[in-house]
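Enquirer: Here is what each chain is made of, one letter per residue.
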Amino acid sequence: MPSWTQLQPFIVTGLSLGGVYALSGTGIVVLYRTTGVLNLAFGAIGMFGAFLSWQLIHEEGWPQGLGFLAAVAFSVVAMWLYGMVFGPPLAQRDPLVKASATLGFALILLGASSWIWSAAGGATRFQPIPTDTHHFSVGEAMVNWTQVIALAVGVLVVVLTGALLRFTRLGTAMRALANDREVSAVLGVPVRRVEAVAWLWAGVLSGVSGLLLSDLVGLDQVTLTFIVLISSVAAALIARLRSILGTLVAGLGIGLVDACAQPFSGISRYHDMAPFVLALVGLLFVTRKGGALAGRRIV
Amino acid sequence: MIEIDGLTLRYGGVTPLDSVTIQFPMGTNGLIGPNGAGKTSFFNVMSGFARPQEGTITAFGEDLLAMPHFRRARWGLRRTFQTEQAIQELSIYENVALIHEHAKADTTGTSRREDILGAIEFVGIKSDPYAKVASLSAHERRLVELARAVVGKPRVVLLDEPAAGLPDDETVQMGEVIKRIPEHMDALVILVDHDMTLVQNTCTKVAVLDFGKLIADGPTAEVLRDEQVMRAYLGTAEVKA
Amino acid sequence: MRLPALGTIRVSRTDGIRALVVLGLMAIGLFLLPAVLTVDWMGVLAAAACYTITALGLGILVGRVGLVSMGQVAILEIGAWIGARLLFATSLPYPVVIVITAILTGVIGTIIGLPALRLSGLYLALITLMLAGAVTILLSVTNFPNGAGGFLGYDSSTTIPPSIRRPSIADSDTGFWRYALVVTLIMFLVALWHVRSKPGRAWAAIRQSEPSAMAAGINITFYKLWALLLASTLTGVGGALLAGSSGQLYQTAFSTDQSIQLLAVVLMGGAYTLWGALVAGFLFSVVPHILDLWHLNSSLLLILFGVGVLQVLTTAPQGIAVQFPKDMANLGRLIWRGVRLVVPARGGAGA
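Residue numbers (numbering that gives the first Met the number 0), protein chains in the order written: chain A, 0 to 298; chain B, 0 to 240; chain C, 0 to 350.
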């Protein structure tokens with residue numbers, strides 16, 4: 000049984016990772032609510048962006064800031080392009096088909112990045128961010144500024160997105176789309192434009208979370224694509240793919256449970272199962288409460 | 000005989016059915032009204048998709064609302080939908096068989112195969128029963144749905160615009176089949192349709208809904224002459240008759 | 000001419016042709032392939048058979064019921080673990096091990112899907128995606144049995160682990176490939192029986208429209224559960240076979256992206272027909288080996304699968320198994336037309 004002092008560093012890790020999960024979870028929820036696409040390429044897009052910035056900074060000698068910007072720019076363009084090319088032909092299809100199609104995009108990005116940046120030779124890549132080296136201590140734990148940024152950006156983005164949805168005209172349009180696309184279109188909501196904004200915003204979030212994670216977790220294709228995707232999707236799932244605030248809480252919770260399970264000897268090695276276990280518990284809770292089908296349209 | 004008493008259905012601020020009290024006697028009954036009058040909502044309550052806030056439905060002496068929806072099919076409730084429901088990749092036979100087997104239809108004195116082929120013959124499908132539904136004409140696809148609704152000793156058959164999209168002569172043919180259901184299948188039919196010719200030709204009794212309320216009810220000829228009914232229709236939709 | 004009906008299952012003339020094709024394929028698989036291919040290939044083909052069986056289950060889930068599992072390789076991994084454990088721990092005949100593994104895997108797969116099943120299909124897809132990640136982690140800790148005792152049957156100090164046992168009649172690689180092929184045929188028959196009888200019709204009705212299926216008296220949850228159970232059970236059969244086929248199992252062969260790739264090849268192969276599973280097994284196990292032989296980067300495969308999924312979902316939802324013969328027929332017509340354009344021209348010149 001670890002003591003409180005031993006646990007503290009893990010809480011710091013957990014909160015910073017949780018912040019990023021909340022960040023990407025929010026991106027997934029907003030995009031899903033607005034366009035009906037549950038984007039499973041979310042992790043892969045951020046991953047590719049992070050690798051691209053590594054290439055630009057460490058191989059091509061770009062300034063760091065510019066390299067990071069390029070990563071986000073790539074994610075935004077990739078996300079938006081996917082939305083514009085594959086959104087319309089799949090618009091009338093089942094959400095399941097839309098989600099499966101994004102897996103195709105994820106596989107392409109995964110394959111392309113493994114090809115370009117092959118792991119052969121055992122070379123490990125690091126993506127240090129300047130804020131890594133500045134740290135301070137809270138209690139017994141050392142905290143570096145990247146971790147603070149991860150948590151802060153996570154919380155900030157969630158609050159910002161929530162406020163946008165609630166208080167701006169664009170946000171109202173997005174919520175209207177989430178409710179009923181056909182009716183919104185008839186009422187004069189510019190469906191295509193609102194959707195484009197959602198894709199762009201999701202691109203920003205995926206790019207930023209890809210960068211942060213490449214620093215916090217490491218530059219590895221499969222980890223960045225799946226482990227991260229699974230945690231963020233779990234957060235979104237626990238929030239019933241609906242609530243932004245719920246995604247924040249669930250994201251932080253998953254990060255915390257995952258990290259804090261590490262010092263416990265019995266479950267230490269299983270700590271990465273946290274998203275699955277929490278999502279399963281969340282699902283059981285949802286189905287037990289019933290009402291999951293209450294809002295469903297029949298006929 | 001189906002007795003409906005004080006049936007009310009509300010969704011938030013909308014009341015698709017507003018204390019409807021009506022009796023449907025054995026035979027073919029029409030249920031008409033302008034769009035949004037509550038006809039399909041009534042069918043949804045009958046088949047268990049919507050739960051009414053108030054009222055009772057007694058069908059042949061049994062409380063229908065007390066049964067879960069899949070039990071209603073076993074009890075003998077059949078229904079068609081406005082949109083086509085015949086399954087394209089299955090054959091005509093399989094389409095009808097699936098209703099028969101899942102409704103656990105009683106086969107005393109006959110076999111499942113005889114029942115199914117009987118229903119297909121009854122509605123007048125000329126194609127090979129083992130042909131895929133995808134290969135049929137719109138008319139025959141609609142007939143497959145009708146066969147699904149009459150197979151396996153039904154007690155109540157709900158038809159929601161069964162002839163939608165068909166040309167006049169085929170609609171007339173379908174009307175002839177519908178008219179024979181009560182006698183041949185010993186089932187009570189309720190027909191929802193906008194085609195007044197079809198309703199006139201097939202139904203002995205008609206009920207009219209408007210904004211969830213029952214505004215007229217009686218023998219077909221009388222009801223269709225009723226001024227209130229004319230107004231309800233002329234206000235929103237064109238009378239086809 | 001109408002052939003007699005077998006209960007509610009009717010045998011048509013096209014079924015006769017299909018049976019002949021299957022017999023031909025079986026003959027090629029049992030006799031021709033072992034004669035012309037190396038022993039190396041026999042191992043690859045046996046693995047392909049295991050993945051074909053898994054793809055068969057997944058295909059039914061996706062194509063017939065409209066449910067998607069994004070973690071079927073994780074279920075396969077569970078099946079392979081159970082199979083390996085039983086084969087080390089007991090001296091039960093191989094077919095018995097397959098049956099027990101199938102049942103256990105079926106139950107586990109169903110229980111995991113149960114909470115999501117009552118929600119929409121999207122929730123089942125997502126929970127299985129998470130399962131894929133979780134099982135990967137679980138197995139990387141417990142490892143596959145290597146002949147040791149205890150519940151887990153793994154001992155890290157074993158340097159040369161014994162091979163997982165194979166049936167005595169199929170101990171060689173060629174023998175095991177033939178054995179796997181026969182099991183695959185049996186599983187296809189099981190799947191065929193399902194889609195042609197009562198559950199198959201219920202699935203068709205559910206996929207068409209849930210309200211309409213409900214009105215027909217179909218217990219939707221029950222039949223979805225049945226599909227999930229069937230898919231997991233078939234996957235368990237694949238797992239038990241894979242254990243014997245591989246001899247030694249390693250967690251790295253079952254990574255999360257494998258589950259996604261399997262879903263990709265099932266969609267590409269075509270989930271609406273059982274033939275799609277053959278295409279899926281070929282794409283998943285045989286094509287990588289060919290790329291290997293040609294010294295091509297295996298990342299190419301991921302890109303290919305990604306493009307394939309997007310192409311299939313946007314333009315040809317029936318998949319390769321249906322589309323390819325059509326494409327070939329079109330190509331044939333095109334060539335024929337070309338030939339006819341050229342030939343009369345010549346004839347005209349000669350006259």
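No lab work stands behind these hints: they were computed from the structure.
Since we're looking at a predicted model, the values are computed, not measured.
Quick reminder that beta carbons are idealized off the backbone N, C-alpha and C, glycines included.
Honestly, I wouldn't trust all of these hints.
Sample of chain A residues with no beta-carbon within 10 Å of chain C, all distances over it, derived [what the hints assert, rightly or not]: (1) L6; (2) G60; (3) G66; (4) S99; (5) G161; (6) A162; (7) P262.
With a Cα cut of at most 16 Å, we get these calculated EDC-like pairs of lysine to aspartate or glutamate [stated by the list, open to error]: (8) B:K152 / B:E175; (9) B:K152 / B:D185; (10) B:K212 / B:E88; (11) B:K131 / B:E88; (12) B:K131 / C:D14; (13) C:K197 / B:E100; (14) B:K152 / B:E120; (15) C:K197 / B:E53; (16) B:K204 / B:E2.
Enquirer: Of the hints given before, which are not true for this structure?
Expert: 4, 8, 10, 15
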